[in-house]
Amino acid sequence: MSEHEYTPKSKVGKWFNDRLPLLTLANHLTDYPTPKNLNYWWTFGGILTFCLITQIVTGLVLAMHYIAHADMAFQSVEHIMRDVNYGWLIRYIHANGASMFFLAVYIHIFRSLFYGSYKSPREVIWIIGIIIYLLMMAAAFLGYVLPWGQMSFWGATVITNLFSAIPLVGEGIVTWLWGGYSVDNPTLTRFFTLHYLIPFLILGLVVLHIWALHVPGNNNPIGIDIKKPSKDTVPFHPYIVIKDGFALLMFMIVFAFFVFYTPNILGHADNYIEANPLVTPAHIVPEWYLLPFYAILRSVPDKLLGVIAMLSAILILAALPWLDTSKIRSAVFRPLYKQFYWILVADVLILGYVGAMPAEGLYLLIARIATAYYFLHFLVILPVLGFKERTTPVPLSITEPILGGSPNLAAVKKKDSFKDQ
Amino acid sequence: MKNFFRISFLIALFFGFQFNSNAAEKVEYLKTDWSFKGPFGKFDRAALQRGYQVYQEVCSSCHSMKYLSYRNLVEEGGPEFSVEQAKAIAASFEVKDGPNADGEMFMRPGRLSDKFVMPYENEKAAQAANGGAYPPDMTVLVKARGGGVDYIYSLLQGYEDPPAGVTLDDGVYYNKYMYGNKIKMSNQLSDGLVEYSDGTNASVEQMAKDVTTFLMWTAEPHLETRHKMGFKAIVYLIILTVLVYFSMKRIWSRIETKV
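Those sequence lines, one after another, are chains E and P.
All residue numbers for the first sequence refer to this note's numbering, where the first residue is 1 and numbers rise by one.
All residue numbers for the second sequence refer to this note's numbering, where the first residue is 1 and numbers rise by one.
Worth flagging that the hints you see were computed from the coordinates, not collected in a lab.
All C-beta atoms, glycine included, are put in the ideal place defined by N, C-alpha and C.
Where hints are given, some of them may not hold.
In silico lysine to aspartate or glutamate, DMTMM-like type, Cα no more than 25 Å apart, as pairs [claimed, not checked]:
no., chain 1, residue 1, chain 2, residue 2
1, E, 303, E, 360
2, P, 115, P, 94
3, P, 176, P, 161
4, P, 124, E, 5
5, P, 232, E, 360
6, P, 66, P, 224
7, P, 66, E, 184
8, P, 42, E, 78
9, P, 249, E, 31
10, E, 327, E, 31
11, E, 227, E, 123
12, P, 42, E, 83
13, P, 96, E, 78
14, P, 182, P, 198
15, P, 66, E, 360
16, E, 227, E, 18
17, P, 87, E, 78
18, P, 182, P, 28
19, P, 87, P, 44
20, P, 115, E, 83
21, P, 124, E, 18
22, P, 228, E, 78
23, P, 37, E, 184
24, P, 66, E, 83
25, P, 87, P, 161
26, P, 182, P, 195
27, P, 66, E, 71
28, E, 231, E, 78
29, P, 184, P, 161
30, P, 87, E, 360
31, P, 96, E, 71
32, E, 231, E, 360
33, P, 115, E, 71
34, P, 37, E, 83
35, P, 115, E, 78
36, P, 115, P, 84
Derived CB-CB ranges, DEER-like [what the hints assert, rightly or not]:
no., chain 1, residue 1, chain 2, residue 2, range
37, P, 201, E, 72, 51 to 57 Å
38, E, 316, P, 160, 50 to 56 Å
39, E, 184, P, 186, 32 to 38 Å
40, P, 253, E, 12, 35 to 41 Å
For reference, chain P alone in the conformation it holds in the complex (with noise of 0.2 Å):
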């Protein structure tokens, strides 16, 4: 058994390292209690769907949502929206269709099949209402971004005034958790800029934490029966493991080597 503390060893020892580089320019993170994390963790359902509202009502305006479908917002695992609250939603947009018999595009309200529809028409009708900067996808942005759920949550909520000596140009924002601390969204988040509809209280903190929730899911929509299958996986593994080592212990015992 030994040798297989040396193997843990060597094991910890090449992704410690691993870590390590991923940890490089580090900033402190704001933290909070993310209820996804961890080996059972699972998504808050209100908290999903007050996410979608503040990603509906704030975000959506500038980034796109390309991968999700209004479909998704029903299944298992996610917002839980009911199949009738989901339809209502996907109908509150007007998707392009088309060619119809006449050849011509024509606009429907939005079906649950349909993909999340897009704010601008392509990549630079984005960008010449935004000042050149793209509003990136939001889709999997979490995983997106080195420092993930932490970094989106504390970017909302990390803008200041620039310190003195910094000058930042016309629609340049001053960001403490930003790369280089310049972005060129400004503050999005105000408190009560949301109205919940189950009465929790909109403060930037609270709608923060719900929409990067939001974004968590959008980019992991299978988390939660990813942790189940795990558990389930390594406990089955765990106890095949130890039926196979004292089978092995019981063959090897008919000669005197130690195993």
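Next up, chain E with everything else stripped away, as it sits in the complex (with noise of 0.2 Å):
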């Protein structure tokens, strides 16, 4: 932010900017030069802070009310639902925010991926993203315990066993997650205490997010280096700001339908069934944001193997920079990678399918299938990709697309653009 000469008009704020940038900082951030041509997909930057700003703002006035305690969690709940002011609308935004967030994440994951968002110069904004994906499904899964219904505590029963899968101290960490020799009150606490810090982490991490975008700027739909500011950028205020504020209302009236008229549809019913230790559902199936990754889990025969799948399948994502060889980034210009980036679509749309459905039979063989070919499009489909795939002509600039220019020709132009930042 550096490159920002500003001085403000007042003696009191140059006083004030002199020893802390603040008003620096707030003429950067609305200056901010952003690719004009920035389409609804780029929108959900900003719905996802609306989301996070909103879990934690519910989250903190529920954990007022809620009791973590193994005998009382359950009614603690129920108490919100019924006796405590507007109790049911806080919780209800609460439970249905986390599906809205990760359908927020999965757009914005999927728009980055179509676009190559995640290629040079922003490998680290990515990287940074992918923690906070993992942190968002950390966070989902200890919140979805605190309720200690049925689902609840055999799906923290579940995915703690996993840990007993690494050889030798795999069983000694269990023990250590649970605080003891089952799922119990020690497990409630110090899942209540973590699913309360890590929205903290995840907003210094979106911090980082936005500081590491704003040094190179944001991508765009044809996916080339612009000059900034230029007539190819609009400042973020007020061009940005009121699109991104169009796209959250369209975005919270989807919110509001599912607050207030399906409030429990995302949810499963046996959560609504206080935990018990001695009986079993006869599906323990996690929320469906999880549910591909589920699926990976449960295609490999093999406890450890499977969980190292279910892991690789998300970490696989850092390494993305460097597994897409291609030097084009959107895939607009790139007319194989766009077929195969619909499949990986479907791909994880079908894994999500079968990740709710039994482990048995065709399920089971679809859910292999479909494993396989996600790693498949990573490990070798994206490498090879770049090296075989004739891409199609790049625009030299936002402005004049029609003039064009070859795909070789806007490298050369990246490269020397690079050495200027």
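Put the two chains together into one complex, using the hints given.
Printed below as a string of structure tokens:
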């Protein structure tokens, strides 16, 4: 942000800004040059910030009324639903908010995949994003345990038991996680503590994510480097603020629909049954947003390898900037990649579907094929595609897309522009 | 705007899968018109009051209602009994209180602030009295079953003679809507079992519908407020969205790019 020479007009402002340049920061944020061709897929960053703040605020209120004790947690949730003023509203916003958060983050991630936003020079933004995503999954899982319903309890049992797959120390780690020899009160209290902590870690990482974004600036739908500021960019305020605001309102309408009219449709009915260590539910399924990874876990017959496969499925994303060898960012100019992209989207949706089904027969077979394809996409198709694919001509600027240019030319130009930065 | 259709399509796809996954192992449940369904749905007061009567006279001898208080019966959006009626209902139960100044527990008539009196001292006692099966608490029962109200409504009317080849143990009954078809609760409803004070004919179907409506309310006591508030919130959001849309068009008209 050092490129900004900004002097506040008032004396007080200048005095303060010399000591803590908050006004310079505010000025940077409002003037931040943004590509003017960003489409609505780019509005999900703002939407995600809204989701995070909503979860933190509603979560704080819930924590004031919730009791993290195995004997009282379920009852205290019912207390929130019945006796706390608008407690039902706060809880339904928080519970559906988690789903909305994941819906938005998946769109955000798949937008990056389509437009190659993870590629140089944005690798660090991408990796921070993957860490945020991992923490979100942890927070969501921990939060799902807190109502202490049947799915909470058995979900916690299944997931913590995964650690027992680690050779030699596995069993010890599980006991350590539980704080005992089964999921019980000590597990609940520590899960609550961690569930409270993680959102603030995410908040810190979001600041880094945005900071890292503001160094190279936004990618854009045609994926070329642009000069900033230029006629290709618009100041963040008011142009992007109002557009993000509009998209956020559309999102909030969907959100409100879930909260007010179908608040329980995304949850599992069994979680309205109080946790009972003696009764195992017929099917233990995680929340919808974790289903693709659950499918990968179950598609491997060996427990340890299953856990490794599941973790790799997420961590492989962190290596994506190096696995994708293509010099061209946007799928718009990559006819083959575009097709493989949509196959991947379908593959992940299929994994999500079979993740919700019992792991047997045809479902298991589909899960295995889909899992294999998932890894094939990242480990084989993407690296090879970068060398083999014939891309279409990339324009030289946003304002003059018609003039065109060859992909090679664009790549050369890109290299030069990195040196400038 | 084209992009919005794409976004909505993706959202629909995501949740389409979700609905699908919930619909696994679906049996065709009996259908009826629920007054509380839909964005403007409200409870039928009379049905709630009748439903309470069915719960009280039939279900409550085995099923607890531990998150409900007698005061809830008076509250807006519920059966809306008068305060006097609810006080009389509460007073008809003996509640264990104490310890008193002598350090002893004592029984007293119930008050509005009391929770619904439990049929059994504890879960073990409930199991002992019911052949080992624990009659589940009914407060959030409709939310705790996949099929929700339709499931409960159907189950109450789903008792049949077992098909040939199915043998049932003592104290186990055949119900075509029960998961696995075997249920430890016997058929509870029969025509004319209760006598409704409002003169409604107490058919099995009527009682099943009334008590299920009552259970929906016990599970979602703020349903009416939620529906009303949701309508206002969404109308507000839509108006604001339209205003912001036109502001956006105006602001972006300063530059040539389309939004």
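Numbers of unmet hints, in rising order: 4, 5, 10, 14, 15, 16, 21, 23, 25, 26, 28, 30, 32 and 37
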